[in-house]
Amino acid sequence: MPHNETVEGLGLDEYKYHFVTRDKPVFKSRKGLSEEVVRQISAHKEEPEWMLDFRLRALKIFESKPMPTWGGDLSTLDLDQIYFYIRPQDRMQRSWDEVPDEIKDTFERLGIPEAERSVLAGVGAQYESEMVYHSLREEWENQGVVFESIEDGLKMYPDLFREHFATVIPPADNKFAALNSAVWSGGSFVYIPKGAKIDIPLQAYFRVNAERMGQFERTIIIADEGSEAHYIEGCTAPQYSTESFHSGVIEIIVKRNARFRYTTIQNWSNNMYNLVTQRAMVHESATMEWLDGNLGSKLTMKYPSCFLVGEGAHGEVLSIAYATDGQHQDTGGKVVHVAPHTTSRITSKSISKGTGRSSYRGLCKVYEGAVGSRSNVECDALLLDETSRTDTYPYIEIDENEATIGHEATVSKVGEEQLFYLMSRGLAEEEAMAMVVRGFIEPIAKKLPLEFAIELNRLIELEMEGSVG
Amino acid sequence: MADGVTTAREAGETEAGVAGSRLAAFLETLDEPATLLERRRRAWERYTELPMPTRKSEEWRYTDLSRLDPESHVPFAPESGEEENRDAGDLPEQAARLLEGMEARSAVAVRVDGRTLHRRLDPALAERGVVFAPIRRVARERPELLAERLYTSDVSPMEEKLWSLHVAMLTGGDVLYVPDGVRVPEPVHVLRWAGEGDRLLSTHTLLVTGREAEVTWVEEYLSPDLESPLLSLSGLELFAGDGATVHYLSLQRYGRGVKHFSIQHLLAGRDTRLSGLNVNLGGDLARDDVTSHLEGPGSESEMLALWFGDGTQHFDHHTLQHHAAPHAYSDLLYKGALTDSARSVFRGLIRVDRGAQLTDAYQTNRNLLLSKHCHATTLPNLEIEADDVRCSHGATVGQVDEGMLFYLMSRGLTRLTAERLLVFGFFDEVLERVPVEGVRERLRDAIGSKIGL
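Protein chains in written order, with numbering that gives the first Met the number 0: chain Y, 0 to 468; chain F, 0 to 452.
Honestly, the hints are just simulated from the structure, not real lab data. In this text the structure is predicted, and so the values were computed from the model without any measurement. Glycine included, each C-beta is placed from N, C-alpha and C at the ideal position. Among these hints, one or two may not hold up.
Stated by the list, open to error - Here's a subset of chain Y near chain F, in silico, CB distances under 10 Å, partners left out: (1) Gln-142; (2) Gly-143; (3) Ser-351; (4) Tyr-359; (5) Val-365; (6) Tyr-392; (7) Ile-395; (8) Ile-397; (9) Glu-401; (10) Ala-408; (11) Thr-409; (12) Ser-411; (13) Phe-419; (14) Met-422; (15) Gly-425.
Chain Y with its partners taken away, still in its complex shape (with noise of 0.2 Å):
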C-alpha cells in the first residue's frame, strides 16, 4: 500500500501547464478496485458495519452490471487505472485560514477566494476525495441547518443519515451508482429544517488533483418541509495527460411544501469521464428545480431526476451544455410522475462547436394514477461548425390517459441575418456571434446567481475567440 506517495511519484511535473500544486495526500489506496480497497476505505472512515456491508452489496452489484452501451464512449475509461481513494488531510478545516498555502493557491489560480469574499456562507470545497474546508455561516447555524462533510454527517447524524442515505439512488439503479456506493469519499450532508427559509446559496466547490483519480462524492440533501434552499457545486480540474475519472452521487429529499434548488456548473478538464447520477425525490407540493451547466470534460453523462411522489409536486430541469472540440456532452433530465397532479418542465439549451457534440437525452415517465399531470420538454440545440454534431434522444413513456405532455426540439445555427443585423450595428462578427449565443442560454443563465452568470458569460466569451474565419 503506498503510504505518503507524493505527487512527483506520479509525473505531474510533465503537465504542460504547470498548473500542479505539491500537495501531500495521507493516504492513498491502490490502483484499481477491489473488496480490499472498499475495506480499507471503510475502516479508513472508522465507519460502522452498516456501511461497510452497503459498500460491499455495492461492490458486486458493480460488478454483476455491464458497462452502458448507450451514450458516449466510454470503450478507453480503464477502471484499473483509477485510484479510488486518496486522502489529502487528516481533519476538516474550520477556517479559510487554517486551510494549507498549497491549496488556497489552487483555489486562487480558480477564483474562489472572490467567491468566498463576496456570497460564500458555507463552503464544502473538496480537495481530492474529501472536504479540506468546511465553514458555516452563524445564521444559519441558528436555523438548525446542517452542512457537512458526509463522513461528519455519518458521525455525527447517523439516524439521520441512515434514514436518507441510499433511499433516492440505491447502489442496484445503474453500474456507476453502484460503484460509488461502494467507494464513495467526500461530498456534502445538508439538512434544512422544517420551516427554514435560506437566502444565501450553500456553495461547494470541487476539485480534483491526482493523475489517474477517481472522484467519488455522495450527497445527501434533506429538505424538510416548508423549508427552501438553494445548494451550488462547481466543479474545475486542470488538465492531465492521461483519462480522469468522476463519479458523483446526489440524492435529495424535498418534503411536503419545501423548495430546493441544486445548481451545478461543471467544468472539468477535457480529459475527464463525469458520470453521475443526480436525483431527487419530491413529495406533496413540494418544488425541486435542478440547474444543471455542462461545459467542461471529455464525456459526461449525467441526467439530473424529478422523482414527483406527492400529490401537487413539481420539478423543473435546466440544462445547458456547452461541446467544443473533442467533447461530448450526453446530458438532459428525467421526470417520472408517479403522483396525481404533478407538473414538469424540461428546459435543454446546447451549442456545439468545432468537433464538439452535444446530446439530450431524457425522460418523461407517467404513471398510471397520476392524473392530471403535466409535462413540457423544449430542446434547444445551437450548431456553430459544420464539424459538429447534436443528437435529441429523449424517451417519453405515457401510461395514464389523464395526462398532457408535450416535446419539442429545434436544430439551428446562428442565422445570418442575427449576424447581419448586429454587424450593421458596429460589432465585429466574433462580438455579434458571442452575443447570438448568449442570447440563446439566457433562459438559463438569468437563473443562475450573478458571480454564476458573470462567469457563463465571460466563458462564452473566451471560447467565442477565434471561432469566426
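We have chain Y already, so just place chain F on it with the hints.
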C-alpha cells in the same frame, strides 16, 4: 448450380443445426430462378446466424418478440409466376367485394394467401413500358429490373433478423416499373388477403420509377379474425428516379390473430418527391420500420402514419429520415389514438449527415389516449452533423379536448360519438394530405368502421 432445385437441396443439407426445421425444409421444395434461390439461401443463413432481437436492444425495447416463433408457422407455397387471372366475377366473394369501386385504377392485383388470382394493368400503360408483374416472372423475363435493386436495402442490424426471414420465406411479390417520363394517372392498387392461420405470409414490393415518372401505389392487407396466428412479413423497396413523384400508401387492416412486420426503404434521387402513408388498424401486433433515404439534392419526403389501437393491440413504428444530400426536405407526421389496453410506440430519427447542408427536416408524433389503461411511448430522435440546417421535432400525448367534447354533447351527441368524431377529426390532418380522392375516401371508410363511426 444451373439447376435451382439442386441448389436449394444443397442449401438445406449444409444447414446443420436446423435439422427438423420446417422453414429449412420449405427452402428445399422450391423451383425458381437460381438468382432468387441464391438470395433466399443467403438470407436463410443470415437468419440462422442472427439472434432474435430482445427487449435489451434499444430498437426492440418496447416490443417483445420472445413469444414469436417463426418455426410454428407453415410458409404459404410460393407463387409460381404463372398467375391465374380470373375475372372479378370468378373471385372468392371476399376478394370480389374488395374490388368494388376499383374499376378506375390504372392497375389492380388481388392476392389470396400469396397467390395472385387477378391482375390487371391498363394496356395503354403497358404499351408505354410500364411493368406490373410478380417478382418471379420479372426475374425470368426482365432480370435487369431487379439487378442491384431487389433486396439491396441497407437494413439496420436490429431489423436484419426479420428481414432475412422475409427474404428467405418469400411467398410472392410485385414489381412495378414506370419508365422515364411516364405518368400513371390512377393508383396502382394491390389487395393482399390472408385467410388461414398458423401460416407465414411474406410479400415483397419493388417499385422502380424512371426520371420524371409519376405513380401512386396502394397496398392493402386484409384477413378475417384468425383463431390461430398468422405471421405476416412484408418488405418494400422503392427506387424513385430523379424528378419522379411517388406516393406510397399501405393500409393494414388484418383481423385479430395476425402479427405483421413491415420493413420499407424509400430511396429518393435528385429533386424526387416521395410521400408515404402507413395506416395500421388491424392485427394483434404491427411493426413498421420505414426509412427515407434522401440521396439526391433537392429531394423531398413526406412520411405519414395513422393508427387506432383497441383491445390489446400493439403498434410499433420506427422511422428514419436519412439526409445524405444537401437541400433536401423531409416532413414526418405520425398520429395515433389508443383505447382499451392498446399500446403504441413511436421511435423516429432524423439523421443529417455531415455535408447535408441546407436540410429542412421535421418530425411530429401526436398521441391521443382515450382510456385508462392504454400506453403510448414516443421517442423522437435527432442526430445532426451538419450545421446549416433547420430541424425540429415535437411529440405530444394527451386526451381529446374537453371543451370540444362538451360542445358536441351540447348538440345532442353522446359522449362516445362525440369522442369518435374528434378522433376522426384528429386523423383528418393526415388524411387530407392523401393526394387521390378515391384512396382518401377508402381510408376514411376503413378508419370510420374501425373506430365505430
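Hint check:
1. Gln-142: violated, 43 Å
2. Gly-143: This hint is violated: Gly-143 of chain Y lies away from chain F, its Cβ roughly 43 Å from the closest one there, beyond 10 Å.
3. Ser-351: holds, 8 Å
4. Tyr-359: Where the cut-off is 10 Å and the nearest Cβ of chain F is about 8 Å from Tyr-359 of chain Y, the hint holds.
5. Val-365: Hint on Val-365 of chain Y: holds, closest Cβ of chain F at ~8 Å, below 10 Å.
6. Tyr-392: Status holds, d = 5 Å.
7. Ile-395: This interface hint holds because 4 Å falls under the 10 Å limit.
8. Ile-397: OK, holds: Ile-397 of chain Y within 10 Å of chain F, min 4 Å.
9. Glu-401: Holds: closest Cβ of chain F sits about 6 Å from Glu-401 of chain Y, inside 10 Å.
10. Ala-408: The hint holds - Ala-408 of chain Y has a Cβ within 10 Å of chain F, the shortest such distance being about 5 Å.
11. Thr-409: holds, 4 Å
12. Ser-411: Result: holds, 6 Å to nearest chain F Cβ.
13. Phe-419: violated, 15 Å
14. Met-422: Since chain F brings no Cβ nearer than about 18 Å to Met-422 of chain Y, farther than 10 Å, the hint is violated.
15. Gly-425: violated, 26 Å
The earlier numbered hints that this structure contradicts are 1, 2, 13, 14 and 15.
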